Structures are given as structure tokens and as C-alpha cells.
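Protein chains: 4
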Amino acid sequence: MSGGIARTSATGGRMLPALLEWSSSLSLDRQLVREDVLGSAAHITMLARQGLVATDDARDLRVELLVLYREASEGKLALADGEEDVHMAVEAELGRRLGAVAGKLHTARSRNDQVALDLRLHVRDQAAQALREVAALIHYLADRAPGEMDILLPAYTHRQRAQPISAAFQVCAWATQLARAAEVVDFALERVDVSPLGSGACTGTSLPIDRELVARLLGFPAVTKNALDTVGDRDFALDWTWAAARVLLALGKVAADLVDMSTSEFGMVRLDGEIAAGSSMMPQKKNPDIFELVRGKTARGIGNVTALLTLVKGLPSGYNRDQQEDRQTVLETAPLLRGTVAAMMAALPHAHFVSGEKALAEGFTQATDLAEALVRRGVPFREAYKQVGQLVRDALDQGKTLAQIESDPALDPRAAVAAKESTGGTGPSSVKAQIQALKQTADRLIARADRVPSFDALVERIMAEAL
Amino acid sequence: MSGGIARTSATGGRMLPALLEWSSSLSLDRQLVREDVLGSAAHITMLARQGLVATDDARDLRVELLVLYREASEGKLALADGEEDVHMAVEAELGRRLGAVAGKLHTARSRNDQVALDLRLHVRDQAAQALREVAALIHYLADRAPGEMDILLPAYTHRQRAQPISAAFQVCAWATQLARAAEVVDFALERVDVSPLGSGACTGTSLPIDRELVARLLGFPAVTKNALDTVGDRDFALDWTWAAARVLLALGKVAADLVDMSTSEFGMVRLDGEIAAGSSMMPQKKNPDIFELVRGKTARGIGNVTALLTLVKGLPSGYNRDQQEDRQTVLETAPLLRGTVAAMMAALPHAHFVSGEKALAEGFTQATDLAEALVRRGVPFREAYKQVGQLVRDALDQGKTLAQIESDPALDPRAAVAAKESTGGTGPSSVKAQIQALKQTADRLIARADRVPSFDALVERIMAEAL
Amino acid sequence: MSGGIARTSATGGRMLPALLEWSSSLSLDRQLVREDVLGSAAHITMLARQGLVATDDARDLRVELLVLYREASEGKLALADGEEDVHMAVEAELGRRLGAVAGKLHTARSRNDQVALDLRLHVRDQAAQALREVAALIHYLADRAPGEMDILLPAYTHRQRAQPISAAFQVCAWATQLARAAEVVDFALERVDVSPLGSGACTGTSLPIDRELVARLLGFPAVTKNALDTVGDRDFALDWTWAAARVLLALGKVAADLVDMSTSEFGMVRLDGEIAAGSSMMPQKKNPDIFELVRGKTARGIGNVTALLTLVKGLPSGYNRDQQEDRQTVLETAPLLRGTVAAMMAALPHAHFVSGEKALAEGFTQATDLAEALVRRGVPFREAYKQVGQLVRDALDQGKTLAQIESDPALDPRAAVAAKESTGGTGPSSVKAQIQALKQTADRLIARADRVPSFDALVERIMAEAL
Amino acid sequence: MSGGIARTSATGGRMLPALLEWSSSLSLDRQLVREDVLGSAAHITMLARQGLVATDDARDLRVELLVLYREASEGKLALADGEEDVHMAVEAELGRRLGAVAGKLHTARSRNDQVALDLRLHVRDQAAQALREVAALIHYLADRAPGEMDILLPAYTHRQRAQPISAAFQVCAWATQLARAAEVVDFALERVDVSPLGSGACTGTSLPIDRELVARLLGFPAVTKNALDTVGDRDFALDWTWAAARVLLALGKVAADLVDMSTSEFGMVRLDGEIAAGSSMMPQKKNPDIFELVRGKTARGIGNVTALLTLVKGLPSGYNRDQQEDRQTVLETAPLLRGTVAAMMAALPHAHFVSGEKALAEGFTQATDLAEALVRRGVPFREAYKQVGQLVRDALDQGKTLAQIESDPALDPRAAVAAKESTGGTGPSSVKAQIQALKQTADRLIARADRVPSFDALVERIMAEAL
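Order-wise, the sequence lines are chains C, S, R and Z.
For the first sequence, our numbering gives the first residue as 1, with consecutive numbering after it.
For the second sequence, our numbering gives the first residue as 1, with consecutive numbering after it.
For the third sequence, our numbering gives the first residue as 1, with consecutive numbering after it.
For the fourth sequence, our numbering gives the first residue as 1, with consecutive numbering after it.
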């Protein structure tokens, strides 16, 4: 029995070689080899337990599958080219090692449910790791914020200076946005965590399989509910690319802020040389390349969402080969997302806020604060606004700042920030509460990610199961 | 005080009229007038309770706001043109009715948090209604399935007949897919359900407001956590357009199936004249226009997701006027989604399955079943496959069907379907369990939707709150 | 004969009213009524000339169609609701006015080629007008540039000051980008300019029609080549939304520059109150709302491209009702695009460059210029770079500018700009050549747009044709 | 001088290694090495001719660059890792081979115009090749059509049988659609064919370069017009991905037709085993995997367009590092597009039409033909339609076909097809004219592609230029 069998079974051995090569997904899905052999190890365990495969055969297969797993983990497994996909390539390799018994793996299984399983195992694993890493980034931001309570900056609306804030408040804004994106990863993780195996080609099987056992061995809390739906379903891939796009969008917005803030003009952030690019002739230049690239990564994330939506649009029920085109999108999502998170994690400690008090003094940003102070002292709201508007006009006429023509404690940016203690405001107590909440969110996300068993843990669980 | 004040306050009264008109969102967001006055009614209640506005003024304003609400509900409220947005238009209208006191509404509030509130109230309300309607569609499918247990059809992979199924199983596949899409609406609903009011322009306020009270009056279980993040946040809009796109995608795939199935060629579904288009000259034609349009609606749903993602990509922290461009996308999502759901609800009862037993007899679709039957009888798996493959080849050579050259109960499509009782399979017990699970899911979704208070209920709640 | 006939002919009169209403495109395509009656006037002229309709009938119909055209142009034509689309509504209206003869219009025509015609007439007309308006914007930029030759600004790479340029050069960069986008409109215009009429439902006709005559009457230089392709073809709509997206992208980038440049921080552009939004309390604020909105409009343009691509993806040959979903996208493209162009045309004269010489003095932006000057004086290239790099380092160490520690004419930003006379450079002669080229491009585009006959001109052409 | 210099010059040698690796584009753009060295060879030639570099140095560099070109062409050039991009890697390699003289290449050039050049050379070359291949596919279709004139099929509207056509007409519809997509490639090719070199970092240069000479050596008919625009311009990449998406969309629609047509149900196309996938147990199955994959490829094409649009949206003037994210999209476009074209070219000869006369007999598809025949015989149009409508109704009532209850030559599908000789119709003379026009179009496209010099031809041209 040779690799040739795999090809035969899929194509009758007659497909033109150039088309076979063009249509093969092996170049991409050999990345899924660990997922594939894990799934097979669980499957063969179940087959033996249900009496569908002899115990000895199952033992031989399971042992060899886990040898393949180890080899793949160590980068030592070389799957031969020429197969249509990773499932065929693994079966062919098993055939080379064990002979005809390899074919038993195919009992009560189809490549349609098998590929769904491999993809789900991959997405679940990567989503869990990404979730943990995003949560770590939220922790990092929450941890640095307390040290930046006293650095004042202008907040902007319409790119115009609006009101004074603390840098800590800005950092919390970033982390809050990121936490919201992380919840989408959490949602994707929840939804991918269902076992498709046992759906067969599209209708289930008449053999006495035990889908729940396979699910338990692979750490899935549930099995999918309708076989026809299952083999055509790529919703989990949509969830995953969407979650990645949302996190990238959030990171891209943080990066966009940093690109602006680190200009000479805004001067609100100083970048260390460790994360900036320059030139030998212009050593003063600190180009924010890392943040520009992070901002740019959003685009690929969005493109991937569009690609996947378009792919599945209008497809009929059941499995269609079009679905193979999910592979590139799904497989590039984890490195895209996790690479960008890691880059931010490495770069952010090298971006330092610079006090914006000069800009605050110039910018009339305390107008609202002064008006609110008047209201607090009993001036009717509309009257307060009118008085402040007039004051600003006077200052403009005289070419002065507000503080230069009016002496009021509310005009001190520090006091203005300190007074904004409404929930979610920039006041220090409010910001402290935000920091606390962010840490709790991050901890919760990490705990969620930790509930996903690692591949190595699955190996142990499967091997521990009696045959 | 007149409408002019509103314009003044926003633009200093100097913007070129043509640009003021082009930049105004009023033509779109006058759809949000009920949301706007509800939010204001809650806000003025809180201001009075916190002593920021005199009780009598607050009472006058609250009463008049609810008059506006009633007028808007009855389609009798005509907001004047010429304002920049619905908030300004409402304030101008209040000014015309009540005079200067209208200006007090603006205390401790900004249009930045106000528009976020209006949009969130809108999305929450529409998402709840959409969720209820999708759940009703799932119920409809679950209810019709039992009557279609005995209609057999081929299931397809690669558009080729693969295995026999019951029509009930097909219907469950559709409903399962739809239920998964509905969960995305549920997620969007969960996330939009947070009150942004009290975030001010971008930093909160120094006035002693009570954000939690406003939230309670408007039925929000929580308030947003960081004001700078809040005013720039349109994640809830992304969640909503995404959820809509997912449901449209699912409906579009059901529709695609029905377009195919109702061709003369497939002949698996017969459409009543009530949902088909034809021509006077070709009365036999029953064009599946409704299902083609449903399939086409997916495209707008996907386009809207892309539009919104692109809009927010790269925007800096804080409020940017670009965000106004969310309006068209957000406001067209509910009619797009709910209209399509309603069309499917109206059309599906007029689509009837036609037995596909002839196609099943011709199509060798029972090959797998026969092989599995042999395995159940003790033939080794590989041997079974080999025997069946040879049998199929023989039948092809003789130009006969499998049943014509081999007599085996497993070749009866009905028996084949009956035997697939693995979880999620097409066997009748399995399908019954699926139907049961679908009903439970639909009930859960309806209960979730019902937890969202209607606008009318909010009116009562607000009016009941002491000033 | 009444409007009811139209409905009958399309749906057999049996479709559920709610579905008929949901599926009707009339609410949108009543915007196409002038296109529709023009097409019919040309068609009936041809039918008469080919002897397919009696001359008297044709005359009555043609006259009445042009009455409808005039009424529609004056906003006085009220088409009844309840029809499936504008073609049916027009036919019903004709029926009410002329009786049974109205039905003759349908000879040798199908709604499939008729809707293609209406859409093509619409897109051609709007694309020509948009092209003319974009060309006018290029002219505006080319005309203002000479007056801005002496205003110096820093050019940026990575958002960091890089080298000095003239404001005129920046303006030419914008115009060049815009001209490139306009060429895409030109391409779309070229491709839409083909008559589909006479393709019938999908195969042509056996009646002796003259497609070329209809094309000539409607100003189309050619007719489509394959009827089956024609009725399913929406490539011209893709071309059009794509062209619009490209222009919006270009305008959005100009707007993004202006939003940044008009910040207090960059201070490179001053906005007049006529285009800025502010607040009564903060009269100093000049929010660049118009430019933010322009930047935001890009998103809709991109969303529309995605919507249309997704719509047609995977559709089978021939007409499919899904295609009706092109309507919203196509019809909103012209106001989206032309409105944005008009907003820019109105706003740009109110955006004034402010000299950036202070920024240039601080920013070491002349380092490259100094190095190039040394090279021109014979210093080997690498040596020159080394010397300048050292000089910058020295200046940084001493906290001084380059000009403060080295006296070299090349350090004068004005000289630096003047010296960059390579083709496409910022030197004044180079910029003059750019201005000249831009004007020629704009003139060419206007001439192209002018070759498209207006609807009114088509009326005259058709009426002048003998029956 | 070592590779280290390159890194120093870009990043000051201080960037964190992990970030340097993450931000490097070398893994992708090493695919552009031939483009890079060709551009440099042209550049050094110009520098020598303008006296900016000594002739001997230029000769050494040019020779070595072309050695690198040959090595790269033969797959023997191994660029070291660790550089920021291909330009740096090539310069470092030259440094290793030639020493300090390598640095002279950098005279009057920036990586900003260099990367634009490399990308343009790549896109031009690939677009030309793709255009040639698409044209060949059009030729193939045009060539096979005459042999399929006598095979009759139903054409479909709304997926319902509408009218009889010849298979040749269907093939011409596909080719016409494809030719229209190919024109978009032609447009992209026209626009990319402009030399950016000499734009410097963003403003041109004060050195006496000759941009036109470089352009001539590289076969560009023109140079870009504004340096600031040039370095930020990725419009050519948008043109290219758009063109690819359009061709993929067209191929995807052909593929969608073939997937449907090759179902057992439609039975209009028979696939050879050479292009179909099946299974050993179900040898009768001929899954149209190739066409499903082609249909799926559309999705990636569309996703890439979205990714690129999103990437450039909102970027400021000048070069931004975000632009590096164009690389994946641009570089994957050629293999995506050309691979799919090649797959279609290989697969189409194995898809054979099967006569659809049985379907035509059953389907009342000649109703229109009969009505038109009556009109041709003098029956008034409306009367004709009425008569035919009644006839169809009668046939339906009697459970018969039209031909069974009425004897009319027009009811012969062959006669019906033959009569449709309007321009673009399915009649044989009309189809012959279509075939002729398609061949002319294909020839014109090939001639256009042939005007683009190959890289090897550029080598000769550059070497032939005196220094």
C-alpha cells in the first residue's frame, strides 16, 4: 500500500498531474499535520472502543500517530509531496510505515468531517494563545497606567485639542478598546469548540460510533448538531478571521495614535531607538515604522474577512471544494494576529509620553472646565457658557491664553483633570477604577484561554484512554 | 431662542450653506428621533435628581420630550430642515415650544455621547426585534420538519448526488445554520447594551452626574468604562452589521439551495404561484425571484461590513466627524435584515419538497450505505469498500442501478436514511433530537430578545421616576 | 388596459402582496424614469422604421414618451406604486394615457435588456458629469498652485519632516493623484458606452430589428456582442463603482492631509470659518468637519465595490434576479461621488497654506540638500553623506539647528527647493511643467465628458429621426 | 563594508532584533530581486552618463548586477537574511563582492523610488504575461465554438429554462465576458508602465540626473510626474489586483456554469476523468473539483482588492511604512491569477457539451420563438403573445409539450436558434461574427502584451548602452 492509494481514492488516479498539483492543498495544510494526527488518534481510539477496529490494530495505529505527532512537533516529519491534502499525505505515510492497517483509519470518517476537525483544532489552539497574548497586552497597559497619572496631555476631537487628560486615561482608553476586541476572540473560541467528527461525508453514519467520546478525548465540550450543516460550515473560520480583524483594528488605532503623537509636531510621545528606524545621515529621525506596519496590518485582516465572506456566499448545502480556499485565510490569520500583538508588546515599552502642558496652556482646552466650575458654584449653565465664550473671545483678541487673562483654579489643567471623576472620566479615582476593571477582564480572558487544552495535553489524554 | 442657536453652536453660524447641507446628517438621523428624545428624557430626569436643573424646568422638558415621542411614534412630528443633526433639530423644536429652558438639556452632555446613545438605543431595539424574528423562523423550520421525515432527497457534495437524506434533515441543516447566525445577533445585542451617556465630549465631566441612574432608566445593565474610548467607539455598529451579514449569509445559502432545488432539472422543490414570478406568455415558468433576491441581499450585508471596517480603520482616538458616515450603514441594516427575514418567513411555506426517490434510485447514492451494512455484518471495512466499488463498476458497465443488480435491504434509500442514527445524522431519531434542540435554541433567543425593553416601556419607566 | 396588466405579466398576478412590495425595485428605480422613456422612444422609432409597429402607433407612443420625459424632468411625473419596477410602471402609465397601444412597446424587447439600457444610460450620464467636475477640481488646483510657489512646507515621510517643498508642489501632488483617479472614470465611461438593447431576454430575436439604429439614436458608438452575456453583465456597474471609489480614495487622502495640516500642531493650513465647525463656547476651535467627512466617504465607496463584487460572484450565465440588488449601489454612487467632489470644490478655496519655514529651520530637513550640494561641488557621494551625518550629530549635541552651526547656501530651504529641478521635482520649473501637464489632462478629460450627449440632446436627436 | 551597513543605514543599527525581523519585508520581496538588480543596472548606467559616478565604477557595478541577475534567474542567488528589504540585501551582497563601491548605487536614489520601481517592473511583467494567457484562453474558446454550433442547449434566466441556444453561443458568452475582463488587465498594464525612478525620497533631487534615460533603458514610455505623489502612490497595485479580481470573477462565473452544467440533473456537460475527482468506491462520481476551486479563487481576488483599498485609505502624502503591506497582496496576485487561468486552460478541453434537446422539448422554451414567428407572419404582436400563452396553457393542461399539440416549424429548437440573427443573437451567422470579433480582440491583447519587453530583453538593452 503506498501513497498512490490516497491519490487513487481521491481522484481515481486519472487527474492531470498539473491540475492535481494546482488543486492540492498540501502545501498549505501540511501546517495542520499535528491537528490531523491528533484527530486520528482520538478517532481510532473510539473505533476500537466501539468494536469497529481490532484493538491491536488500533494500538499500532495510535502509537504510530503519536510518533508522527512528536516528529511533527520537532520539525522532523517530512510528508511526501504529490498528495491532494494533509489527510491523504498522513495516511500515505502511515501506509509506508505500517502497511495496509493504515486504511482502517478511514472507517466511519470522511475527509469532509476530518478537515473540519483539523481546522477547528487549529483555530481553537491559536485563538486561545492569541487571547492569552492580548490579555497580557491589556495587563501591560493596565500596569503602566498608574505611573502615567501625572503626565497631562490634550485629548482631541476632530484632531483639535479639546480637553486635558492624563496619559493614564489615554492608556486606559487603548486597553478598553483592546479588551472589547478580545471579547470577540473569546466568542470565536466559544463557537469553534465543538467537535465535527462523526458527521461523515454529509449525513452521519449507520455504524455505531461514539461522537461524544471523540469529543471528550479532544477536549470539545460538545458535538455539532447536523451532519449536512457541519461539512459545509465554515462559520468558525469566519468567527476567527473576524476576531483577528477586530483586534488588528484596535491595535491599528493605537498605532495610528502613536504615529501621530510621535511626530515633531504633536511631540506627545518619544520613541526609543530600539523601535524606530532612521538613517545614518539623518540620525535625528525616528521613524515610527513599527506602528506604521501595525496600522497597515489591519488591511490584511479586513481583506481576509472579505475573502472568506465572499467564498461562502451562495454556496449550496453540503461540502463544496471551494471551501478549500478557506485554508490560506485561516492559516495566515494566527501569525498575522499574534505577530502583530507581539510587535506591540515589544514596542510599547519603548514609547514614552511627554508632558503636553505647553499645548494645554495654549489651547483653551480648559474652557469647558471653567464653565463647569462656574455651574458648580451656582452660575446657571447657559450663563456660565456665555461668560466663558466671551472670555475666550477676549483672550483671542488679546493674543493671550485663558490663564493669562483670568485667574481661576479651574484653569489649571491638573485641577481640570482631577475634577472629572464621573464614571469613565479622566479623574484619578475614575482611572484607578478603570485600571482595576481592565485587570479583571484580562484575568478572566486568560482563565478562558487556559481552559483550552494544549496539543501536548491532548496527547496525554488520548494515550491514557483504554482501547 | 430659535433653531438658529443650534446651528450657531455647532458651526458658529458661518459655514457655507451648501456645505452645511452636505455635511448634515439630519436626513438620515431623523429616523433616530424617538431614541433621541427618550435619551433626553432620561438625562433631564437625572439632572433634576442631581440638582443640576430645577425640578420644574425638568418636568416641563420631560413632558414635552414625551409629547415629541408620541408625535414621532404617530408619524406626526415634522422636524425642520437646516440643522446639522437630529440632536440639534430636537433642541430647536423644543426651543420653539418651550423657549430658553430647552438649552438646559445640554447640561453635562455633548453631542458625542448623545449620538452614541441614540445609535445604541436604535441597534439594541432592532437587534432584539431581529433576534425574535429569526428565532420565529427557526421555530417555523423546526415545526415543519416532522411532516417531512418521509420525503427522501439526495444530499450533495460537489453538487453531485452523494447520499440519501430526509427533507426534514435538510430543513434542520438550514435551521442549524440559521441558529448559529442568530447567536451572533445575540452577541451583538449583549455588547450594545451599555450606556455611553455621561462621557461628555471625551473626558467625562466634573459635574456630579449619575450615569448609573440614566442607564437604569434606559434599561442598560451597565455604563461604558472610559469616556475617550466611548466617544470614538463604533464597535457596537460593527457587531450589528456583522451580525446582520451573518444572518443574511445564512439565509442567502438557504435561498441558493431553493433556487437550485426548484429548477426543472433538480425538481426537488415546487414553488407556489404566490411566491414565484412568471409571464403571461409562459405561464409554466415559476421563477424563484424571492429566493434570488434573498441571495442577493447577502451582498449588501457584506458591503456594509466592509464600509464600516474601512471607516474606522486608522482613525485617531476621540471623536472624529468621519464617524457620522456610520449612519447610513447602521440605519439601513435593520430594514435590510428584517425585511429579508420576513420575506423568507412569507415565502418558505410556499416551497414544497418533492420526493427525490427517482434521483436516488439512479444515483448510486446508497454505495456507502451498502458498504456500512457489510461492515455491520462483519465484513472488514476495506473489503467492504472494495466489494461495493466493484459492484458499482459492474452496474455502470451494465447500464443498471445498484438495486437492479444487487438485492440488499441497505440499498433501499429509506432504510439507508433510517440507519444513520449517529448524533447529527439523518436518521429519524437523530433528526427528532435536532428538532427538539432547535426549538430550545429558538426559545432561548426569544427570551433574550424579550429582556430588551421596548421604547414604550422605557417611556413608562422614565415617567414613573420621581424628579 | 391598466397597471394591473403589468403586474400580471410579471407575476401572473398571484404573488403575495407583501412579497411583491418587498421584491419591487420601483422605489429605487423610479430615479431611472428619464432613462427608461428615452430608451423606449428610441426603441419605438426603430420598430416603426423596421415595419414592426405601425407608424401612427409609433408616433403616438413617441410623443407621449417624450411628454413623460418632460414631466419627469420637471418633477411632475408621479408613477403609481405597486408595480414591480420602473419599466412596468411606465408601461402602466402609458396604458392609462394611450390604451392598448402601450403594449406594442414590448415588441422585440425584454425587461432584461431594457434594465441594462436604463442603467447604462444613467451611468454614462453621471460618469460624464462626474468626470467634468473632477477635471474642474484639477483645474482649480492647477490654477491656485502658481500663487503658492513661494510658500515653503516640510514634506513628510513616515509622518516625520523629511525635505522642504513648495506648497505648489504639494498641490500638484494632490492634483496628480486625482488625475490618475479621473482616468479610471474615463475608462468606466468608455466601457459603459455600448448599447445592450436588442439582446432580448437572453438570446436576441428573430424579428428584423436594427440594434445599430437604436444605438445611434441614444449616442452609443457600439452595441454589445453577445446577448446571453449582455443580460447577465454588470461589469459596467463594477467599473463605475470602482471609478467612484478611486476618486473618493484620492479625495479622502487629500482630506486626510488637510485634517492633519490644519491641526494646531502642524499649523500648515488655516481654515476659514466658512468651512469649519466650532462651538459658541470655544470660538477658537475650527474643526475640519468637511474634510473628515470627505475622508469618511471613502468607506462607503469601498463598501459599494465589495457589495457589487460579492453580488455577481458565482452567478450563473443569463439574467438572475439577484442582479436587481445592483440598484442601490449604482444609484447611490453618483450622489456620493459628485457630492463629495462638490464639497471639496467648495471647501478648498477656504483652506490656506501657512508658511512652514519655522518647522523647516528646526527639522534638519536640509541634510539631503547639503549632501547633494557637496556632491555637486565634487565631494564623493559617500564622503558627502558622512560629513553631513556628522554635522547633524554635532548640531543635535549642541541643541542647535544645522544653519546655526554651518553656513552653506544649500541650508536655505528656499535654495533647496529651487535646486530640485529633476522631472517631477519640487523646483519651480519642474512644478510649472507639472501645472501645465495637469491642465492639459483636465482639458482632455473635459473634452471626453463633452462627447457624451445630454439627455435633452438625445430627446432632440430621437425626435428628429423620421418614423 | 558589510551587510551590517545596510541595517545601520536603515535603523541606526539599534532596532530590537525581534522587531527588525518582524518588520522586514525581505522574506517576501526577495522575489523581486531580478527587478531590483535590473533597476539598479539602469540607474548606474545613467549615473555614469551624467558624470555622477566614475565610468569604471559604474562598469564594475553594472557587470556584477547582471551577474546577480543571472544567478537569480537560475535560482542560484542566496541573499542573506537579516536585512530590512531586498534593496538592502542586494546592496549588502554587492558590498561583499565589490567592496565600498557598492555604496555608489545609492547616489540620487532612495528606497522610496526604488521599491516603486521594483513593484512596477514586477506588475508590468506579470500583467503582460497574464494578458497573453487570458488572450490565449479566449482564442481557445473561439476556436472550439465552431465545432459546437450544432449542439443545442437551453439558456436560462432565473435558473429556469428560457430559450434554446447553441453551445457555441454559450462559449462565446463566456469568451466575451473574459475579453471584457482582459481589457481591465490591459488598462492596468497601460498605467503601470511609467518609471518612478528619480523621485528620490519624495521631492526629486538637485543632482543632474536623467530620468528619461533610465525609463528608456527599462522600456517605460514615460516617467511619473510628481515626486511626492510618486513615492506614496500604489494606484498601480490597485489597478493590478483589481484587474486580477475581474478576470477571476469572469473565470469564476464560467466555472460556476460548469459546476451546474455537469451535475447529473442538468447533464449539459460531461467531464473527462482527467479533470474530475471521485472515489474508489463511487467510481461513477465525477466531482468538478477544478471548477469549484476556480470559483473559490474569486474570493481571494476580492479579498486582496479590499485589503489594498483599506491599506491606502486615509494615509497622508509621502511615503509611509504601511505601504510595505502591499507586498503580500501584489506578490500573490500573479500566481493566483495565472495559476487559475492555466487551470482553466488545462481543464476546459476536458469539458464536453451534451445535447440538451430533450430538455428543450420538455421546457416550452420555444414559446417566444413561436410568438415571434406569428409576428413575422403578420399577426399583431399582442395577439401573437395571447395565442401562444393560451397554447402553453392548453399543453400544460394536457400534460403535453408544445410540439405535441401544435405543429409549427418555429417549434423546432434548431429553427428557433437559426432565426435569431440579430446582432449578438444565437443565430449561426451572428455567432460566427462573434467568434471573429473575439479572435481580433485576443490578437490585439496579445500584441499589447508583446510590446512589454521581457527582463532578458532589458538586460540586453542596458548592456548595450554606452557608459
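Hints are computed from structural coordinates only; laboratory data are not their basis.
Here the structure is a predicted model, which means the values were calculated and not measured.
Treat the hints with care, as some may be off.
No distinction is drawn between identical chains; accordingly, a pair holds when it is met within one copy or between any pair of copies.
Claimed, not checked - Heads up, simulated DSSO-like pairs for lysine-lysine below, C-alpha to C-alpha not over 30 Å straight-line: (1) Lys400 with Lys286; (2) Lys386 with Lys286; (3) Lys358 with Lys400; (4) Lys358 with Lys286.
Structure-based check of all given hints:
1. Lys400 with Lys286: Classified as between; 18 Å across copies, 33 Å inside a copy.
2. Lys386 with Lys286: between (44 Å within a copy, 19 Å between copies)
3. Lys358 with Lys400: Result: close both inside a copy and across copies, 13 Å intra and 21 Å inter.
4. Lys358 with Lys286: both (22 Å within a copy, 20 Å between copies)
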